[in-house]
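S.K.: Each chain, written out:
There are 4 protein chains.
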Amino acid sequence: MKMKQPDIFKNLKRGPQIITWKDASLIAGFSGAHAGYKIVDAGSGSGFLAIFLGNLVRPGGKVISYEKRKEFAKIARENVKRAKLEDIVIIKEKDIARGIEEHDVDLITLDMAEPWNVVKHANKALKEKGFVVSYSPNIEQVKRFVEECKRHGLRHELTIECILREMVIREKASRPQNKGIMHTGYITFARKVKREGKDKEHGRG
Amino acid sequence: MKMKQPDIFKNLKRGPQIITWKDASLIAGFSGAHAGYKIVDAGSGSGFLAIFLGNLVRPGGKVISYEKRKEFAKIARENVKRAKLEDIVIIKEKDIARGIEEHDVDLITLDMAEPWNVVKHANKALKEKGFVVSYSPNIEQVKRFVEECKRHGLRHELTIECILREMVIREKASRPQNKGIMHTGYITFARKVKREGKDKEHGRG
Amino acid sequence: MKMKQPDIFKNLKRGPQIITWKDASLIAGFSGAHAGYKIVDAGSGSGFLAIFLGNLVRPGGKVISYEKRKEFAKIARENVKRAKLEDIVIIKEKDIARGIEEHDVDLITLDMAEPWNVVKHANKALKEKGFVVSYSPNIEQVKRFVEECKRHGLRHELTIECILREMVIREKASRPQNKGIMHTGYITFARKVKREGKDKEHGRG
Amino acid sequence: MKMKQPDIFKNLKRGPQIITWKDASLIAGFSGAHAGYKIVDAGSGSGFLAIFLGNLVRPGGKVISYEKRKEFAKIARENVKRAKLEDIVIIKEKDIARGIEEHDVDLITLDMAEPWNVVKHANKALKEKGFVVSYSPNIEQVKRFVEECKRHGLRHELTIECILREMVIREKASRPQNKGIMHTGYITFARKVKREGKDKEHGRG
Chain A
118 MKMKQPDIFK NLKRGPQIIT WKDASLIAGF SGAHAGYKIV DAGSGSGFLA
168 IFLGNLVRPG GKVISYEKRK EFAKIARENV KRAKLEDIVI IKEKDIARGI
218 EEHDVDLITL DMAEPWNVVK HANKALKEKG FVVSYSPNIE QVKRFVEECK
268 RHGLRHELTI ECILREMVIR EKASRPQNKG IMHTGYITFA RKVKREGKDK
318 EHGRG
Chain B
118 MKMKQPDIFK NLKRGPQIIT WKDASLIAGF SGAHAGYKIV DAGSGSGFLA
168 IFLGNLVRPG GKVISYEKRK EFAKIARENV KRAKLEDIVI IKEKDIARGI
218 EEHDVDLITL DMAEPWNVVK HANKALKEKG FVVSYSPNIE QVKRFVEECK
268 RHGLRHELTI ECILREMVIR EKASRPQNKG IMHTGYITFA RKVKREGKDK
318 EHGRG
Chain C
118 MKMKQPDIFK NLKRGPQIIT WKDASLIAGF SGAHAGYKIV DAGSGSGFLA
168 IFLGNLVRPG GKVISYEKRK EFAKIARENV KRAKLEDIVI IKEKDIARGI
218 EEHDVDLITL DMAEPWNVVK HANKALKEKG FVVSYSPNIE QVKRFVEECK
268 RHGLRHELTI ECILREMVIR EKASRPQNKG IMHTGYITFA RKVKREGKDK
318 EHGRG
Chain D
118 MKMKQPDIFK NLKRGPQIIT WKDASLIAGF SGAHAGYKIV DAGSGSGFLA
168 IFLGNLVRPG GKVISYEKRK EFAKIARENV KRAKLEDIVI IKEKDIARGI
218 EEHDVDLITL DMAEPWNVVK HANKALKEKG FVVSYSPNIE QVKRFVEECK
268 RHGLRHELTI ECILREMVIR EKASRPQNKG IMHTGYITFA RKVKREGKDK
318 EHGRG
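Protein chains in written order, with this note's numbering: chain A, 118 to 322; chain B, 118 to 322; chain C, 118 to 322; chain D, 118 to 322.
I should point out that these hints are in silico values taken from the structure, not numbers from a laboratory. Heads up, some of the hints might be wrong.
The list treats identical chains as one, so a pair stands whether inside a single copy or across any two.
[As the list claims (entries may be wrong)] Computed cross-link-like contacts, BS3-like style, restricted to lysine-lysine with a CA-CA straight-line distance of at most 27 Å:
#1 K179 <-> K201
#2 K311 <-> K127
#3 K127 <-> K244
#4 K296 <-> K267
#5 K155 <-> K198
#6 K155 <-> K201
#7 K187 <-> K209
#8 K179 <-> K127
#9 K155 <-> K127
#10 K130 <-> K296
#11 K311 <-> K211
#12 K296 <-> K127
Bound conformation, chain A alone (with noise of 0.2 Å):
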């Protein structure tokens, strides 16, 4: 396969755990980002995720991505500028679990550890429709992710995961590959929805 990555990641530095490029296309196209989306990232690890979003927004958004890690900032920094997103992705050296700075944010990915000790800051952060979206491997982050969310009045979307396959196409031989990578991550989605707690205690209560 001579496409292992899209056009935007070609030379950029890869540290040990990027985002696959299937989970940052699900994770764009479900969230809707396009053109004009204020996007805050957590953590930036490489900074893959935030250059891939970084593309989408492009011209009038931003990404603003946190990483507490100095030399993962470094690195992620470094990418930045080797894709030219320098006008539109910001690597923050800052621990996002203390607070986000942003407000009015249209998407918060978070693909860390701990994502819940994000979703109070997330849920002041996001405006009105506003996704905050986690990538996790395990279903316990999952869980704790999808309960705190609803304990801040999130509403809890969708949680999916994707097997990607790549297929052998010859003559006389097609069939999936034999080896790849059969799990990556749970992504979900929760939202930010005026009222939807109250209503459901007037409605239900």
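Here the structure of chain A is known, so what remains is to put chains B, C and D in place on it, guided by the hints.
M.R.: Relative to the frame of chain A, chains B, C and D by itself:
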């Protein structure tokens, strides 16, 4: 699941066969579609893929969607209006197998029974490094499309299929949904790359 | 598809929740069930898993299947008769959580809501190297069952899930079926292995 | 994972391409193999499928496994000895495409590059209601095998593929394993059913 569709799909009329959200996300994500892209699409069907892409390419981009069946072209146009994308998405009541009128196209998406009939036209219409993507339920369609791409010097990049499972997340009952869609279609990416054929002949011949 | 079921299942009455053929095959294949095996099963439900296993263990083997609900025990018994396995498969109208009356059992299969309640009894009833296998839809059930197995010194061997897709094979239209069962249950294998616990304590403690 | 294989596979020598445990389980489970079955198998390879089936058909059953390559026949025979199944499993150093010497066979399993060459012989060797099962990595092989079965009046019952995922079960980290085998092969079941062809001609012609 409340989140049956991205917001851009709300209020649209559904025809019998619309592309799934996951496949639209992967087509867009893997081909790098973003603001400013010039996309040719066929057939429109109910217009869902054209609208999904239209949302991504604004401002500055364009989606020209070919549909030869009058009744579908009508539904697609109505849906484009409901999605408020009339300035971006054009529904052309024409058979794309007869030719593509556009030039310097970034991406051509083919959700039709015989995508191989369009390869010759796609090759002319695409700009250097542009993608032609087919979306087909059957492996025979994939094979014939890939062969035809190779015959015209387009590079076969990747064929994928995606099994997406929605998760049920409850305090004591987390699991994938029991029923769902097992298979939608194979997505094939081919690319216009200058003198690929020649290089091969010289380099390896 | 004409082949909806193995021949042994023909003419059986179906209750609401029967084990799938694929899962029965994996439980039998991975635990090595064959002629002569002594198997304890619970709950019987409509008796499908007991009958599937009964077919495998004859001659010389036995399947004792516990079912606490009277109406299910009746259906299961009738199905055993229809499958002509009365000499091999015994339906016991008892709650297995209260104890297992058998000894030197090769395999215990648990298709019930709270399989962890049976682990203590399974540990006593199993012969050395025997398997206890749970079949549960939810990950929380798997976790609790695995914990309980470990607590009783049974070795957790393997937890699997199987996505099975039927293929449509036509001259010009080969593909996986579009709809199907996305998830049935997780199958967990634990094994009675002498002094496993002790070795661990001494060897690693 | 400690449980890499069923006990019957322990101590066997592994050749380059052995059938997976899951596929062996499904072949056996779906075709109803049990004590007393007379099975023809080809090619033996390292003998794993023959041994798996040999374990199931004793007492009273037989597995005759054809292998035309001398070195594989030798390995397979050694493995049969290690599994202590010499009385049940016979390795024949012959090319099954030249003919099947057995009659009244319950099940024929074909794990070979060109299973269609055996269909004519299988049709003669099978008893009424017997199964011939092919196991092939590529869809083209499945198609040609199915066509040949139909041409000889064998009924195509089912073609399946199975994606099996092992689960990691930990207190705070439960998920499918990250890497694994994405694709092994398609399993096709065809069946000898009296006058199927004739009924069709008369009934529908």
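S.K.: Now look at each hint and say whether the structure bears it out.
M.R.: The hints, checked one at a time:
1. For the homomeric pair K179 and K201, the shortest alpha-carbon distances inside one copy (14 Å) and between copies (24 Å) are both at most 27 Å.
2. For a Cα distance limit of 27 Å, the shortest separation of K311 from K127 across copies, 18 Å, qualifies, whereas the shortest one inside one copy, 41 Å, does not.
3. For the homomeric pair K127 and K244, the shortest alpha-carbon distance between copies (19 Å) is at most 27 Å, but the shortest distance inside one copy (33 Å) is not.
4. In this assembly of identical chains, the alpha carbons of K296 and K267 lie at most 27 Å apart only when taken from different copies (25 Å versus 38 Å within one copy).
5. When the C-alpha separation of K155 and K198 is checked against a cutoff of 27 Å, the pair qualifies both within a copy, at 19 Å, and between copies, at 26 Å.
6. Taking the shortest Cα distances, K155 and K201 sit within 27 Å of each other both inside one copy (18 Å) and across copies (21 Å).
7. Taking the closest pair of Cα atoms, K187 and K209 come within 27 Å of each other only inside a single copy of the chain (10 Å); across copies the shortest separation is 52 Å, beyond that limit.
8. Proximity of K179 and K127 under a CA criterion of 27 Å is satisfied in both settings, with 21 Å inside one chain copy and 25 Å between copies.
9. Taking the closest pair of Cα atoms, K155 and K127 come within 27 Å of each other both inside a single copy (24 Å) and across two copies (22 Å).
10. Taking the closest pair of Cα atoms, K130 and K296 come within 27 Å of each other both inside a single copy (25 Å) and across two copies (23 Å).
11. Neither within a single protomer nor between protomers do K311 and K211 lie at most 27 Å apart by alpha-carbon distance, with minima of 29 Å and 44 Å respectively.
12. Taking the shortest Cα distances, K296 and K127 sit within 27 Å of each other both inside one copy (24 Å) and across copies (24 Å).
In this structure, only the earlier hint numbered 11 is contradicted, and the remaining ones agree with it.
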